[in-house]
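Sequences listed follow chains F and Z, in order. Just so you know, the numbering used here puts 258 at position 258 of the first sequence, and the rest follows in order with no gaps. To get the numbering used here, take the position in the second sequence, counting from 1, and add 354.
Worth flagging that the hints you see were computed from the coordinates, not collected in a lab. One or more of the hints may lead you astray.
[Said to hold, decoys possible] Pair by pair, the computed Cβ-Cβ distance ranges are: (1) Z:F455 / F:V317: 30 to 36 Å; (2) Z:A653 / F:P70: 21 to 27 Å; (3) Z:E658 / F:G284: 46 to 52 Å.
Model, not experiment: these values are computed from the prediction. Here a beta-carbon is modelled for each residue, glycine too, at the ideal position from N, C-alpha and C.
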Amino acid sequence: MPGLPHQRVDDGPYLRVDDLKVRFDTPDGAVRAVDGVSFAVDRGRTLGIVGESGSGKSVTSLAVLGLHDPRRTTVSGEIRVGGRDIVGRPEEEIRRLRGRDMAMIFQDPLSALHPYYSVGRQIGEAYRIHHPDASRRQARQRSVDLLGRVGIPQPAKRIDQYPHEFSGGMRQRAMIAMALVNDPDLLIADEPTTALDVTVQAQILDLLADLQAEFNSAIILITHDLGVVSQVAHEVLVMYGGRAVEHGSVEQVLRRPQHPYTWGLLASVPSLRGAADADLVPIGGNPPSLINLPPGCAFHPRCRYADRNGDRSRTDVPQLRQVQERGHLVACHLAEPERKRLYAEQIATAGADR
Amino acid sequence: MSEPLLRVEGLVKHFPVRGGWRTPALVRAVDGVDFEVRAGETLGLVGESGCGKTTTGRMLVRLLEPSGGRITFEGRDITHARRGALRPLRQDLQIIFQDPFASLNPRHTVGRIVAMPLQVNGIKPAGGVKARVRELLELVGLNPEHYNRYPHEFSGGQRQRIGIARALALQPKLIVADEPVSALDVSIQAQVINLLRQLQRELDLGFVFIAHDLAVVRHFCQRVAVMYLGKIVEVGDRDDIYARPQHPYTRALLSAIPDVNRLGPTGRIRLTGDVPTPLDPPSGCRFRTRCWKAQEICASTEPELVPRDGGRQLTACHFPEKGDLA
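Chain Z on its own, in the form it takes in the complex:
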């Protein structure tokens, strides 16, 4: 087996909260996460708000400094690499943001926005910057003649394409896409997913695709990691996760999605309550406060993320579910 493109081991991010009179508290946003992404592979990072998926993504591109653990990219430890050492890395590792309205500078033309990564990294493409930018705009399905327009002249879907063109400018090997389609209308969302799929195949890009929508992830990712309260609870190949999930949380998440192909109320697993606060996560298994199978051992011993009951995926649960989903 070849060396993975990206390896994440025991990644931790704690945010200190300046509390009141008590000792300063810690928000355990990401609390020990391990995964790998091979070249050209797409990994989906899914979970509900507050599970730490965005924080993880931001640490990967080093927009946030990890509190602990290790990130290795192509064999190099980049966990705490400094600015200078990061520069070559930035070429290989890019990010696409969720909000296409906030992530583009309204005072810059599209041409300037897409050319910025080239300029910052002092790259002079053969044929000139302008030609390269036109090529990129065309690649993401925009009219290259719109080079001199400003972001406000574009719709949400087109702006997201601009963000994608910018991420592709340096020919990265891995792209972290943080909810790239969740701000878009349904019909536009499908256009952008298809575009990302096509680019992924043609350019053999690796992706860490962060999303809360499991249906979207199913159409884009080969492997899927499900996060809950700062930890990965289940990770494996797409078909294993969607057809025979073992973690009760994954099952609950899948059955909560309203499916347009089924009319009327479905036999859902009903989770009660909310996700607990990451300031003071439950002991043992973090899902136990909402889990219908929880026993004493779930409160005392944290389940390890290992293969269980002959499943091909890794599951962190003492009482994994069995069998295929209906």
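Looking at chain F on its own, in the form it has when it is part of the complex:
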């Protein structure tokens, strides 16, 4: 059986995901957690995936890492990592990529680190799995180097400590060190700063940006926080109900958004600027259940503009189409001139954050 090539020289994006679908079969029915999502990430670039709980953003990232249990999950579409399609590949092969070519930073470092082993042992283990010829001493040296690189003081001493002896920010740094130990080309960070305080969050975001500049890695940052996205992402993908509703550069999506859901997210975020006494403009209703997704545009029950197209929003699923501006994709039945007009007249001027 031919294994995956170590690394193919490829000029295209490092990660390319095409029409990814992830389905879980449950006793209550099939959950289409991700339903036809496509995106690409270049080396040295950061893609921010934004969405609320149940939007499919974490499921997407787990699929890229091949972490779904094949007995319970149906994954289809194409996921090309460094030119190699990994969908349907045997677990053995994906395991060789995971940790070496792509790595993950989880939200909660306390539950992602093993409490029973020292931090250094866990980092060293990740290294030795992919470097079977490395000695214990080499692995230890590598761990010390990385702990120092991610900003942990006295790394040679801290390496023998256990996760509970680290503060929250330190643990997150240790997990970043573990993810980086094999110089991965792709780093997936799932809400990496959500559990952290804001001053520590700022440190970690700075660290990720510095590391990206140094290692030229592709990063996927999954978050619900539009502020974090605006600060570190180059491209943004907005997900709703398992589908992509808007995709483009950070300028396009946050400055000239065209999807009513993106407008809703922007208007509902409390801000440090603008009128403090103005009411926030929330999105009505609740995010949909993935078992029973509304027909047509999944956002239509919460959309203020759903009636402007006759019944189309209720019957047709809008396709993600490029708007006038290159690289900006939107899935909405409203015509582009109307979207631009609505945004200029009702959204950009209203809301508490402008």
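Starting from the known structure of chain F, arrange chain Z on it as the hints suggest.
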């Protein structure tokens, strides 16, 4: 000036830690906190994890026993009031919890949950308990017909509304809200903040609003107190705190918040390191180990919380910052 609704003076909470072979240690979770809340006023208590904001809130409603200091509610000293004496107080002083999944009994119907405060306090509203509960559910934007449903049938935002309805059942004068929206999705968070604002205005409620998110606090509170390691470092009117903060920590906190209206890395004040342990807080000013302006006096003398440099707010800093934020 009228008597404030709530007055807190020198409030202290130390948790003993059963240490190893050394003398038992104390976690100084709250170490001398003073503030006031007037009727119908909203005070935000902000800070990072471990600053003592939740412990303070729990002492206010007497879920925790203070180790020292004084809490006065409507002129009555309630610091160490006993169970019986607390009962009338509980009617005036309610709490909303952070986690809408853990704070509702999964085996009780919504109707029973919201009616519980009435039942416990032996209150029989005119028109009956059921009518009152329906009224409360409607007030917080829930369908009164859902009276017989169980918490698991509701989403996170709806559960938080149930918690709010329960807190309102006794028509309190002051509500302690401990991170009431931090477990919710962004779009839902805005719904609940708007609801709390509307209730606050309509019912003229006083609030102690505990949160780590300064942007949320800005949209809800008239006054803001910033806590660091068990102490208030700056307190004042919202506009003073957000537009011209004087304490370096407040400035750092505000500049660390990623703002969706600014793309790319911002010129942040970068704090290094972590918050020190409350087991052994730094001498003098507690922020000095992370402060870029710290001098010798900061280690030797603890700065008092007083007006400084003509600022309208109170600031505990020897070298307060000047000027408006950009």
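Against the structure, the hints:
1. Z:F455 / F:V317: 30 to 36 Å: holds, 32 Å
2. Z:A653 / F:P70: 21 to 27 Å: Given about 60 Å between the Cβ atoms, the range is violated.
3. Z:E658 / F:G284: 46 to 52 Å: Holds, since Z:E658 and F:G284 (Cβ atoms, about 48 Å apart) stay within the stated range.
Checked against the numbered hints given earlier, the structure breaks only hint 2 and satisfies all the rest.
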